[in-house]
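*Asks:* Read in the numbering used here, the sequence shown has 64 at position 64, and its numbers run on one by one without any break.
Only true hints are included.
Dumping the calculated DMTMM-like pairs for lysine to aspartate or glutamate here, alpha-carbon to alpha-carbon at most 25 Å:
#1 Lys61 / Glu73
#2 Lys10 / Glu31
#3 Lys61 / Glu31
#4 Lys10 / Glu23
#5 Lys6 / Glu30
#6 Lys6 / Glu73
#7 Lys4 / Glu73
#8 Lys6 / Glu70
#9 Lys61 / Asp42
#10 Lys10 / Glu73
#11 Lys4 / Asp27
#12 Lys6 / Glu31
#13 Lys4 / Glu30
#14 Lys6 / Asp27
#15 Lys61 / Glu30
#16 Lys4 / Glu23
#17 Lys6 / Glu23
#18 Lys10 / Glu30
#19 Lys4 / Glu31
#20 Lys4 / Glu70
#21 Lys10 / Asp27
Distance ranges between label pairs, derived from CB positions:
#22 Glu56 / Ser35: 18 to 24 Å
#23 Ser48 / Lys6: 35 to 41 Å
#24 Val29 / Ser52: 27 to 33 Å
#25 Lys4 / Leu68: 18 to 24 Å
#26 Ala32 / Ile74: 17 to 23 Å
#27 Gln59 / Ser15: 41 to 47 Å
#28 Ser33 / Gln58: 20 to 26 Å
Everything labelled a hint here was simulated from the structure, so no lab data went into it.
Backbone N, C-alpha and C fix where the C-beta goes; we use that ideal spot for every residue, glycine too.
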Amino acid sequence: MRQKVKFILKSRGVSATAATTPETAADRVEEASASLARSVYDRGSLSSHVVSTRREVQQLKLYVDGVLAELLEIHR
1 MRQKVKFILK SRGVSATAAT TPETAADRVE EASASLARSV YDRGSLSSHV
51 VSTRREVQQL KLYVDGVLAE LLEIHR
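Based on the sequences and whatever the hints tell you, model everything.
*Replies:* What follows is the structure, given as structure tokens:
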């Protein structure tokens with residue numbers, strides 16, 4: 001993602017100094033997405049080994065749907 005941002009900004013003639021903030025923001029979004037994906041995986045793993053309520057499973061499915069939509073670039 002950072003490479004895409006860097007390429008776009010460079011092609012628009014944005015200076016290296018001005019590009020720092022958007023690149024950093026892209027890094028933070030990417031880190032947060034990775035962290036969310038890991039959390040969803042960990043929670044799913046736990047749910048498969050421990051009894052969970054229907055509501056917990058439904059909430060987990062919403063998280064999984066969100067992560068997969070982002071990873072697969074599927075937006076409704």
